[in-house]
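If you follow the hints, you should be able to join the two separate chains into one complex; please do so.
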Amino acid sequence: MSKRLSKGGRLTDRSHLMSFTFNGRQMMGVAGDTLASALMANGQMLMGRSFKYHRPRGVVGSGAEEPNALMGLGTGDRFEPNQRATTTELFDGLSAKSQNHWPSLNADIGVANNALSRFLPAGFYYKMFIHPRPFWKHVYEPIIRHSAGLGLAPKAESRDPDRYEHFHTHVDLAIVGGGIAGLHAARLAGAAGLTVLVMEQTAHWGGRAPVDGGSIDGQAPDEWVDDVVAELAAMPNVHLRLRTMGAGVYDHGYLLGYERIADHAPGSDAPRHRLWRIRATQILTATGAIERPLSFAGNDKPGVMLASAARDYAVNWGVGVGDRVAVVTNNDDAYRTAITLHQMGITVPIILDARPAGGGALMQQAEALGLRVEPGWAIAKVDGHKQVSSIRVCAQDGSGVVQEEIACDAVAMSGGWSPVVHLWSHCGGKLDWDEAQALFRPRAEAAPLSHDGQPFVTVAGAADGALQHADTLANADAQARRAMARLAATADAPAPVVATEAETPLAPIWLMPANAGPELKGKAWLDYQNDVKVSDVELAAREGYESVEHTKRYTTLGMATDQGKLSNINGLATLSRALDEAIPQVGTTTFRPPYTPISMGAIGGEARGDIFQPVRRTPMHDWHQDNGADWEPVGQWRRPFCYRRAGETRHAAVTREVTATRNSLGLLDASTLGKIIVKGPDAGRFLDMLYTGKMSTLKPGKCRYGLMCNENGFLMDDGVVARIDEDTFLCHTTTGGADHIHSHMEDWLQCEWWDWKVYTANLTEQYAQIAVVGPNARKLLEKLGGMDVSKEVLPFMGWVDGKLGGFPVRIYRISFSGELSYEISVPASMGRALWDSLWTAGAEWNITPYGTETLHVLRAEKGFIMIGDETDGTVIPQDLGLGWAISKKKDDYLGKRAQERTHMADPNRWALVGLETLDGSVLEDGAYAVAEGVNANKQSNTQGRVTSTYYSPTLDKGIAMGLVHNGPDRMGEVIAFTDGEGGTTEARIVSQVFYDPDGSKQDV
Amino acid sequence: MSEAVSALSGAAYDGMVQVRDAGLQGMITVRGDMTSPDMQDAIMQACRLDMPGTLQANVAGERGVLWMSPDEILVLCPYAEAGKIVQSLSNSLRSCHSLVLDVSDARAVFQLRGDRLRDVLAKVTPIDLSPQAFAPGTVRRTRFAQVSAAVWMDDPRSARIVCFRSVAQYMFDLLSTAAQPGGEVDYFEA
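Those protein sequences? They're chains B and Z, same order as listed.
Quick note: the first sequence, position 743, residue 1063 per this note's numbering, numbers continuous.
Quick note: the second sequence, position 184, residue 229 per this note's numbering, numbers continuous.
Treat the hints loosely; a few may be bogus.
As the list claims (entries may be wrong) - Calculated from the model, a selection of chain Z residues having no Cβ within reach of chain B, i.e. all distances over 10 Å:
| id | residue |
| --- | --- |
| 1 | Gly77 |
| 2 | Pro82 |
| 3 | Arg93 |
| 4 | Met96 |
| 5 | Gln101 |
| 6 | Gly159 |
| 7 | Ala180 |
| 8 | Gly182 |
| 9 | Asp218 |
To be verified - Taking lysine-lysine pairs in the DSSO-like style, the calculated list, with each CA pair at most 27 Å apart, reads:
| id | chain 1 | residue 1 | chain 2 | residue 2 |
| --- | --- | --- | --- | --- |
| 10 | B | Lys1077 | Z | Lys129 |
| 11 | B | Lys1014 | B | Lys1208 |
| 12 | B | Lys1123 | Z | Lys129 |
| 13 | B | Lys1077 | B | Lys1258 |
| 14 | B | Lys1099 | B | Lys1111 |
| 15 | B | Lys750 | B | Lys841 |
| 16 | B | Lys1111 | B | Lys1123 |
| 17 | B | Lys1022 | Z | Lys129 |
| 18 | B | Lys447 | B | Lys372 |
What the hints assert, rightly or not - Footprint (simulated), chain B over chain Z, 3 or more residues, beta carbon under 8 Å:
| id | segment |
| --- | --- |
| 19 | 54 to 62 |
| 20 | 103 to 113 |
| 21 | 132 to 141 |
| 22 | 170 to 178 |
| 23 | 198 to 211 |
What the hints contain is simulated information worked out from the structure, not anything from laboratory work.
Here the structure is a predicted model, which means the values were calculated and not measured.
Ideal placement from N, C-alpha and C gives every residue a C-beta, glycine not left out.
Same shape as in the complex, but just chain Z (with noise of 0.2 Å):
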C-alpha cells in the first residue's frame, strides 16, 4: 500500500510563532443524539474520553473528542487507527440513528506554537481569545479571514487549527503572514 501524505508534507514558518503543518491526523465525525447512554457509552468505549460539553474539548496528543455541534463531535485519533474506530464505532452504534465517517484525509492539521500565539490567530479570526474565553480544554468552529476553521489550544503556548485539505495552502500562507515578526500587537500577555 503506498504512504499517505498530509496537504503540505511538514511544511513549516518561524515567526512571531511557530506555524507547522501537523502531518496526518485520524480524524472520525459523529454525527447522533449526544445526550444518549448509548451514544456515550460508544464514544467511552471507542475513545476512553468523555463526551465533551457545549464548546469544550477533551484532548490528550494525538487522541481526542472535540464538541463541534449540538449533535456532532470529532473524534480525534492516530491516523492509521481511524478505519478501525471507525467500524466500532459504526457497530455499537448500529442500533441509534447516528452517522460515523472517516474524515482523516479531507482536513488539514497546522500546529502554532509560541508565546505570541493569541496575538497571531487574533489577527485572523473573529473569535474571543481572552484566556477566559479561549483556554485549553475548548474548541471554537469559526473561520479563519476566508475560510472555515476548528481551532483548539493544547496548553497555553501551542493551538492546532483544522481546515479542509484543499485550503491548506492558503491557511499556511495566511498564518505565516500572520506570524510575520514586525507585526507584534502586543495585546495578549504572553
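Next up, chain B with everything else stripped away, as it sits in the complex (with noise of 0.2 Å):
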C-alpha cells in the first residue's frame, strides 16, 4: 500500500499538516503535498475511473502529462471538474471528488462496459448506431449524451467569484521551462543583459535534476539550482515566474503564458489566473521529456506507475507508491527509480529489463545493492483489480509464456523518454525521428520563422533530445548561445560541468512480450483516458486507416484533456508496426496550443460585470437612467427605447410619448449620432464621390439630406450635411454607422485618393446634441432666448450658431419626425446642463422625452426610411424611391456604376411602398408577402416583404412599410402577407407618406 515514508520530501514541511477531504472522507497532508501525494500517503491509490470501460485507474504520472488522476475540485461556485491530482497543490480545507463512475469510486456499475469491451472496439460509434438511421436521434443520442463528457459540468446557476486578469509583456528572450536548461540559459542571457523572462509551470525550480541526482559543477544539483535562481533573481533585466507554464507560441514571437497565482489560496484578494500575453524576439524552450509507458497487459491497474513518477513521490514528497515495487524498462533510467526506492527502504523484488543484455553502469549499481536483475524480460500481465496484486513475467521475445509470478503492490514502468516539444511544434517547427534514442526531436533547420525569416523558437536540453544528463547542459548551453546570437548577444561563462552515470541505449520496445497475443493485446492500454488499446489501433489499420491523423480521430487516440501527453508516440509506433512502415513516414499528429488545458476565465480577463464590454454613455445618460429609461443597445451606445412611469407598459409609454411630441413638445437625445469634419480645398470634391447627391453646390449655413453606398451600389448609410464654411462640411452619420463611415472616408482618402486635399476627423464625441420637436419647439427656444429661432432667420435645413440660453451652440432646423424640430449641438461637457434647462423650462408645455422607438414611429408616420430596416446590404436607393437623393448632374459617385448594372436597373426589384392592413392590425415585422404557386423547394412563392411596421398612436391604426413587386405601380390593390402563424393578414398597397403629406408641419 502507498504510505508516507519516514524520510524524503524534499518539497513538503512535514510540520505543517494540512486537511483536505476525498469524496467526503477526512484525510491529511502536508504543505508541499500535490493533491496526488497527499492522496498516496493516505493509501489511496484508486483515483478515478475510465470514460469508456469504466476501469478502476490509479496515478501514472507525477506532472502534467497525468491523464488518470482527474478530479472535481472545491465546491459550489468554485466547483471545477477535470483538474489533474499531480499539478493541484494542496491546501487546507481542499475538496476532491473522483470522476466518472456511480454509484461510487469502488462500486461502479458502469464497469460493465468494461465485461463487454470486446463489443465496443475501435469505432463502435460510427458501426452501431448508423443504423437504423431514426434511432439515432431518438434512441442513440440520448444514452450517449447522459454517459458522455468527463467529469460533472458546473451547475448552471453557479457563477466564477474568482477573478482574472491578463499581463502584457515585450522581451528579449523568454524561456519556457525552469529546469537546469532553462536556468542555465537564464544566466548566459541575464549577464548578457538582455531582458528575460523565466517561465516555470510548477512551483518549483530545477526540474527533474535534484530528483536524478548526479553533480552540476561540483554542486549537488538542488544547490546548484538555489545558487542560480538566487544569482537570477539579483538582475533586474531578468524576470522568474513559478506556477506560470507556456501555453502556446504563435506568429511572430507572440507568446502566451499561463499563471496559476491563487489555484493553492482560494479565496485570497488576488487575482486565481494571470494569462500573460509576451511579444518576445527569441523564445527558447526548455521544456524537458516525459516518459513513456510501456504496452504490457494491465499496465492501466491502479498501482502501474512511470518510474519517473514513483522516484518523484518518494524523493520530492517523501511517499512510497507500494511496499514492492516492480521495476520494468527498455532503458537504465529507471535504475534509478529501483535504485532510490531501495535506498528508502521500499522493496523492489525484480527489475525487468527488456534488453537482452540489460544495462550497463546503473544496473551494475543495482546489483551490487543486491537487487534481482532479469535482463530480456518481461512483463506478461498484470493481476489485481482496484490495485496491483502481481506481475507474471516471461521472456520478452515470446508470446508471454509465464515464467513466475512476483507479488508486488506498484509497478514502476519506463518505455523511454518524449521530449516535450509541443511549444516548438505550434507554430510550425518540424521534427525528426531521432532511431537511436527512439523519440522525435526538433529539427533545428526548419524552426518557425519570425516576420523577417529567421528562427524565433529555439530548443534546449532534453526537449531538444539530449537526455543523458551529461548532454542536456551541454546542449543548454549551445542552444541559449544561439538564441543570444540571434538577439546579438554573446556570453563569456563557460558551459557547467556535470557528473553522472554514463548510460547504454534504450531499446525500442512497443510491445511487451514482443509476440502477445490479441488476449493481452486487448488489455494493454496506450491511451488510459480514452481506453484506446493496442488492439484498437491494430484494428484501425486492417480496416484502412494509413493517416494517424485519422486514426487518432477513429480510435480517439490522443483526444483526450492530456492530448495524448503519454500515448502518442506508442499509439503511432503501433500504428507503424501494423503498417509496416517506419515511424517518421507515419509522423506525428499536430501540436496544438495551450500545452495543458487553460481556464476560459483566464481568457476572458478582466472582461466581467460591468467591463465585459465597454457601454458608450451620452452626457444625459445618467438622467435617461434616472427617470425610466428602458434601455436598447444600438451599437456599443445604450439609448432609451423609451421611459417608463410607474406601472406604465412599453406600449403605453410609446403611445405617450408620440401624441404628446405630435401636440406639443418632445425631447430626444440625439447625441449618438455620428459627426464627421470633412476639410480641405478637395472637401467639395470628395464628398461629392461619397454622396449620391450633390454636396459641393450646398451653400455655407444649409443642410442637405444624402445617402452614402457602397461600391456594389448597396445603400450603407444616411444623414444631413451641413455646410460650416467654403472648406469645411459637417456630415451626421447614423449611431452604428459613425466609426465605420469614418474608416470608409480614410480608406478612400489613403488608398484611392491620396493625392486630393481632404482631411477627416470624428468629432461624434464633441457634442452632445437634443432635438428639441413639436408644434411647440420655438416657444421653448424663444424661453431661453438669446438667438433668433423664427423661420426666417432660421429656415427648414438651415443652421446657426449662437448662445442660447447661455449655451455655445450650433442649432440646425431639420427633422425626423416630420414636425417643427430643431437639433441643438452643445459642448458635450455643457450636455447634461442644456438637457436640464430645456427640461425645466419646456414643463409648461409637457416636454416629454422620447426613446428610439418613439423616434421610429415618429419616422415610419412620415415615410422616412431607417437604415438597418428598409435597408439590409441588399437594397440600393432606387428600390426605396429615392431617385430624387441621386444627382443627375455628377460624372460619377461611390456606387453609381454598380447601380447601372443589368440586375440592379431590373424594374422587376422590389420596391418601397406603405402598407395599410384593412383590419387596422399591425402587421407582422419581416413578414411575407405571398404570391401564387410554389418554388422549385415547393415554398410559397413571395412577392415582397414588411421592412418596418408598427401602431400608429397618431392615426390609431398599424401602418407599416415594405418592398412589393412593383409597388408603386400597384397603389390601391390589396395583399395578402404572413402572419407567422400559419395565416394571412390582408393589406392595402398605400403611399408611404402617412402623416403630413405635403410637409406642412415641419416647415413652419
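Written as C-alpha cells, this is what we have:
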C-alpha cells in the first residue's frame, strides 16, 4: 500500500499539516504536497474510473502529463471538473471528488462496459449507431449524451467568484521551463544584459535534476539550482515566474503564459489566474521530456506508474507508491528509480529489463545493492483489480508464456522518454525521428520563422533530445548561445560540467512481450484517459486507416484532456508496426496550443461584470437612467427605447411619447448620431463622390440630406450634411455608422485619392445633440432666449451658431419626425446642463422625453427610411424611391456604376410602398407577401416583405413599409402577408407617407 | 454660461495606484504637414512648445504637444483657452492645408499615480512599458482592453490616459479593476 515514508520529501514541510477531503472522507497531508502525493500518503491509489470502460485507475505520472487522476475540485461556485491531482497543490480545506463513476468509486455500475469491451472496439459508435437512421436522434443520442463527458459540468446557476487578468510584456528572450537547461540559459542571457522572462509551470525551480542526482559543477543539483536562482533574482533584467506555464507559441514571437496565482489559496484577494501575453523577440523552450509507459497487459491497473513518477513521489514528497515495487524498463534511467526506492526502504523484488543484455553502470549499481535484475524479461500481465497484487513475468521475445509470478503492489515502468516538443511545433517547427533514442526531436533547420525570415524558437536541453544528463546542460549551453546570437548577444561563461552515470542505449519496445497475442494486446493500454488499446490501433490499421490523423480520430487516441502526452508516440509506433512502415513515414499528429488546458476565466481576463464590454454613454445617460429609461443597445451605445413611468407598459409609454410630441413638445437625446468633419480644398469634390447627391453646391449655413452607397451600389448610410464654411462640411451619420463611415472615408482618402487635399475627423463625442421636437419647439427655444430661431432667420434645412440660454450652441433646423424640430448641438461637457435647462423650461408645454421607439414611429408615420430596417445590404436607393436624392448632374459617385448593372436596373426589383392593414392590425415584422404558386423547393412564392411596422398612435392603426414587386404601380391593391401563425393578413398598398404628406408641419 | 463638467466629475479610486478623473482638459487636434516651417512656427507661437518627434510628447502640466501620427498632433492647453488657441492656430494656418479642431469635450482624461504604475498599465494595454521603451517624454496611441486610448507619462510615478468621453466609465472601472490590491505583479521595478 502507498504511504508516507519515514524520510524524503524535499518539497514538503512535515511540520505543517493540512486537512482535506476526498469523496467526503477526511484526510491529512503536509505543506508542499500535491493532491496526488497526499492521496497516496493516505493509502489512496484508486483515484478515478476510465471514460469508456469505467476501469479503476490510479495515478500514472507526477506532473502535467497525468491522464488518470482527474478530480472534481472545490464545491459550489468554485467547483471545477477534470483537474489533475498531480498538478494541484494541496491546501488546507481542499475538497476533491473522483469522477466518472456511479454510485461510488469503489462500486461502479458502469464497469459493465468493461466486460463488454470486446464489443466496444475502435469506431464502435460509427459502426453501431448508423442503423436504423431514426434511432440516432431518438434512442442512441439521448443515451450517449447521458454517459458522455468527463467529470461533472458546473451547475448552470453557479457563478465564478474569482477574478482573472491579463498581463502584457515585451522581452528579448522568453524561456519556457525552469529546469537546469532553462536556468542556465537565463543566466547566460541575463549576464549579457538581455531582458529575460523565465516561466516554470510548477511551484519549484530545477525540474527533474534534483531528483535524478549526479552533480553540476561539483555541486548537488538542488544546491546549484538555488545558487543560480539567487543569481538570477538579483538581475534587474531577468524576471522569474513560478506556477506559470508556457501555453502556446504563435506567429512573430507571441507567446501565451498561464500563471496560476491563487489556485492553491482560494478566496484570497489575488486574481486566480493571469494570462501572460508576451511579445518575445526570441523564445527558448527548455520544457524537458516526458517518460513513456510500456504496453503490456494490465498496464492501466492502479499501482502501475511511470518509473520517474515513482521516484518523484519518494524524493519530492516522501511518499512510497507501494511496499513492493517491481521495475520494468527498456532503458537505464529506470534503474535510478529502483536504486532510490531501495535506498528509501521500499522493497524492489525485481527489475525486468527488456533488453537482452540489460543496462550499463546503473544496472551494475543495482546489482551491487543486491537487487534482482532479469535482462530480456518482460511483464506478461498484471494481476489485481483495484490495485496491483502481482505480476506474471515472461521473456520479452516470446508470446507471454509465464515464467514466474512476482508479488508486488506497484509497478514502475519506463518505455523511454519523449521530448516535450509541443511549443516548438505550435508555430510550425518540424521534427526528426531519432532512431538511436527512439524519439522525435526538433529539426533545427526547420524552425518557426518570424516576420524577418529568421527562426524565433530555439529548443534546449532534454526537450531538444539531449536526455543523457551530461548532454542536457551542454546542449542548453549551445542552444542558449544560438538564441542569443540571434539577439546579437554573446556570453563568456563556460558551460557547466556535469557528472553522472553513463547510460547504455535503450531498446525500442512497443509491445511487451514482442509476440503478445490478441488477448494480451486487448488489455495493453495506449491511451488511458480515452481507453484506447494496442488492439484498437491495430484494428484501425486493418480497416484501412493509414493516416495517423485519421487513426487518431477513429480510435480517439490522444484526443482526451491530456492530448496524448503519454500515448501519442506509443500509439503511432503501434500503427507503424501494424502498417509495416517506418515511424517517420507515419509521422505525428499536430501539436496545438494550449499545452495543457487553461481556464476560460484567464482567457476572458478582466472582461466580466461591468467591464465585460464597454458601454458608451451620452452626457445625459444618468438622467435617462434616473427617469425610467428602458435601455436598448445601439452599437455599443445604450439609448432609451422609451421612458416608462410607474406601472406603464412599453406600448403605453410609446403611445404617450408620440402623442405628446405630435401635439406639443418632445425631447430626444440625439448625441449618438455620428458627426464627421471633412475639411480641405477638395472636400466638396470628395463628398460628391461619397454621397449620391451633390454636396459641393450646398451653401454655407445650409443642410442637405444625403445617401451613401458602397462600391456595389448598396445603400449603407444616410444623414444630413451641413456646410460650415467654404472648406468645411459636417457629415451626420447614423448612430451605428459613425466609426465605419469615418474608416470608409479614410480608406478612400489614404488608398485611392491620396493626392486630394482633405482631412477628416470624427467629432461625434465632442457634442451632445438634443432634438427639440413638436409644435411648441420654437416657443421653448425662445423662452431660453439669446437667439432668433424664427422661420425667417433659421428656415427649414438651415443652421446657425449662437448662445442659447447662455450655452454656446449650433442649432440645425432638421426634422426626422415631420414636426417643427431643432437639433441643438452643444459641447458635451455642457450637454447635461442644457438638457436640464430644456427640461425645466419645457414643463409648461408638458415636455416629454422620448426614446428610440417613438423616434421610429414618428419617422415611419412620415415615410422616412431607416438604415437597417429598409436597408439590409441588398437594397439600393432606387428601390426606396430615393431617386430624387441621386444627382443626375454628376459624372460619378461611389456605387453609380454598380447601380447601372442589369440586375440593379431591373424593373422587377421590389420597391418601397406603404402598407395599411384592412382591419387596422399591425403587420408582423419581416412578414412576407404571399404570391401564387410554389418555388422549386415547394415553398410558397413571395412578392414582397415588410421592412418597418408599427402601431401609429397618431392614426390609431397599424402602419407599415415594405418592399413589394412593382409596388409603386399597384397603389390601392390588396395583398396578403404572412401572420407568423400559419395564416395571412390582408393589407392595402398605399403611399408610405401616412402623416402630413405635403410637409407643412415641419416647415413652419 | 453654464459650468462644463468632465465625464466623471473627479471620480477617484485608491488601490495599487491612484486612479483619478483628471477633470476638464483643453485638447486640440491638428492635422497637416508637420514638417512644414509654417506649421512648426504656428505651433511654437500658439503653444510655446517644440513640435514633438515621432512618438514624442512635449508636456508641461496642462500644456503640451503630443505626436499622434505622421500628420497629426494633439495640443494640450487649459480648457478655457482651447477656443482661443483654435482661433489663433486656424488663422496662422489659413494658407496651408490643415485641420484644427477643439476636441476637449470629446475626451476624458485619467491620471494614474503610484509606484506600481507600469504593472497596472501592463494589465490592460499591449504596449511595451519597459522604461527603455516608454518613459516621460513619449506618448503611445494604443488600446486599453477594449477601447482606444492615448497614454503618456508625466513623471516616473504618474501617467495620463485619454479616451473617448462616452467610455469614461468603462475606462475608470477598468483601471480601478487593474489597480485592485491583491493583483500585484512585481514585474516592473517600482
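Hint numbers the structure violates, sorted upward? Failing hints, ascending: 1, 9, 13, 15, 19, 20, 21.
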